[in-house]
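**Student:** Residue numbers (numbering that gives the first Met the number 0), protein chains in the order written: chain C, 0 to 290; chain E, 0 to 291.
Heads up, a few of these hints could be off.
[Claimed, not checked] Calculated from the model, a selection of chain C residues having no Cβ within reach of chain E, i.e. all distances over 10 Å:
(1) L7
(2) L237
(3) G265
(4) T269
[Unchecked claim] Lysine to aspartate or glutamate pairs mimicking EDC-like chemistry, simulated, CA-CA at most 20 Å apart:
(5) C:K106 - E:D261
(6) C:K106 - E:E266
(7) C:K106 - C:E206
(8) C:K172 - C:D162
Treat the hints as calculated values from the structure; they're not laboratory data.
No residue lacks a Cβ here, since even glycine has one placed at the ideal position from N, Cα and C.
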Amino acid sequence: MTAYLASLATLAAIFAILAVTLNFMVGYAGIFSVAHAVFFGLGAYAGAQVALHLVPDALAACAVAALIAGGLSLCLALPALRVRGEYFVAASLGLQMMALTLFSEAKGLTGGLGGLIGIPPPRLFGFAVGALPLSLAALALILLAIAAMARGSFGRTLQSIRDAESAAEALGKNVAVAKALAVAFACAGAGVAGALFALHMQFVNVESFTLEQSVLVMAMVIVGGTGTLLGPVVGAVLLLSLPAGLAFLPFIPPTEVGAVQQIIYGLAMTLLMIFRPAGLVGDLSRGRSEA
Amino acid sequence: MDAMLVLQLLLGGLQTGAIYALTAAGFALIFGTTRVFHVAHGATFTLAGYVFVFAWNAGWHPALGVLAAVAVAVLFGIGMERFVYRPIQRHEGSFFTVFVAAFGVSIVVQNLVGMVAGRGFANVDTTLSRAVEVLPEVFLAQVFWVAIGVAVVLFVALTAFLSRTHAGVALRALAQNPDLIRAYGLSSSRLSVLTFALGSALAAPAAILMAMTTGLNEAVGNHVMLLSMAATMVGGVGSLRGAAVAGVLLGVAESLVLLVLDTQWAEAASFLVLFGFILFRPTGLFGVVAAR
């Protein structure tokens, strides 16, 4: 039971990293990506390969994952600089679908549908460490970084771009660089989450990086509240404990648990958008004008 | 390269393309007129298709099945407009709120259909879908001609409706300037209900055709919605002709890509086209509306 709870807490921390980094793009920079699972996947495969073939060191795995995910985030930054709104969502959907095919077909790097197995458990400077403290530490560091950025000039620049891009540009802000940096930071964060996920599960395959996963992370951000620091963490914990809670309900046949869970996710997303678009943590008056 | 194989794939692509063109025209009509990014269009498609399969299996007359499918599609579309999109737009109009709400509904529909109808493929087997050899090594079922015919007739009818009738002209005016519509004393909310009814109705024949050819599964709506969206963007937002042409092109591309690559690359090829268009020509093939 303790092991189960620890594993659930680790997953919650990993998904919280995904949610807060996505929220950095959505809530602060106004870039609505539905391709976050792609960068989660890139990080997971990169981290897994480092642990399998170089050193099983968590720091090395996370660093390589962040570099690769952050570097390839250019795929997302390019459309973000060109178009806004529905067009960007469409572009990120396209990226998500293409990446999924690549993940299942590049068998040499990703193991295809079978995935990569036997990833060694995480070590830090030669000592064995649990995945839970690692993930919590990473989450805390990323939250600190976001809090610092949100208060600093970079965060203000992003928020001004989100609210009025041409006004920000007129004030001499370099919109393209700010957007590209925001995307790179968020995707690198997703990469770190991916590496931790690979080390924790000791197995990764393409099923964890689908469009549904991207939407789930998006739902965590929205349920919690976009543009708030801790809202996405609350959303991640809530949406992850939901399946665990459902498993204890006796009247749902086990084969339908997945479907019931999805239906609850879907209903929650729709009803929240209709009745409380700013999310659970979000400030309602603020959310109305910008969520 | 084997010319007969190319011809076979081309014909298959045209058949799929006709299905995409119909759903894409519906998506484009709704998006172009009301500016609602109707992601739940795929759910309309799934519902309509499964209603037809149920009616068929229950032994209803096919015409009755078609009517039931169209009715369900129209009711679902109107329901989305009245109970999801309008309340959201009343308090704030952010496109992303609309997107997430619609995505939530598609998740619910996909899983409900999976629970009720069972997961895996459902199709109807008619004499129309039996393939016969028309040329050496080229097989064609009669449903091919039905698909092309239905797509052409409905598209011509839709174009005529939009350009010749009073309501059609009002719809086009709504796309250009909703405020002015109100100034002329027309009800923009009634017109958007009409738009959703028309656009959703177009998904029904497409879903029925797919049930008769490749078959449906509970997740098919997602794929069809993504392709309709891609076709709308590639064709150019605001242009129904663009969406229909792009729908056919994507269907043909998806099929012809099999000449050089395995089938699992087919979908990725469509999205590569979409991605390229958004990067280099966001206004699309026939676009009239600027992307920004």
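**Student:** Are the Cα atoms of C:K106 and C:E206 separated by 20 Å or less?
**Tutor:** Roughly 14 Å between the alpha carbons, so the hint for C:K106 and C:E206 holds.
**Student:** Does the no-contact call for C:T269 survive, Cβ to all of chain E over 10 Å?
**Tutor:** violated (4 Å)
**Student:** Taken at face value, is the distance from the CA of E:E266 to the CA of C:K106 at most 20 Å?
**Tutor:** Answer holds: C:K106 to E:E266 is near 18 Å, not above 20 Å.
**Student:** Is it true that the CA of C:K172 sits at most 20 Å from the CA of C:D162?
**Tutor:** Holds, at about 13 Å.
**Student:** C:K106 and E:D261: Cα distance at most 20 Å?
**Tutor:** holds (14 Å)
**Student:** Does C:L237 really sit off the interface, with its C-beta more than 10 Å from all C-beta atoms of chain E?
**Tutor:** holds (15 Å)
**Student:** For C:L7, is the shortest CB-to-CB distance to chain E above 10 Å, so the non-interface label stands?
**Tutor:** holds (23 Å)
**Student:** In terms of Cβ atoms, is chain E entirely out of 10 Å range of C:G265?
**Tutor:** violated (3 Å)
Checked against the numbered hints given earlier, this structure breaks hints 3 and 4; the rest are met.
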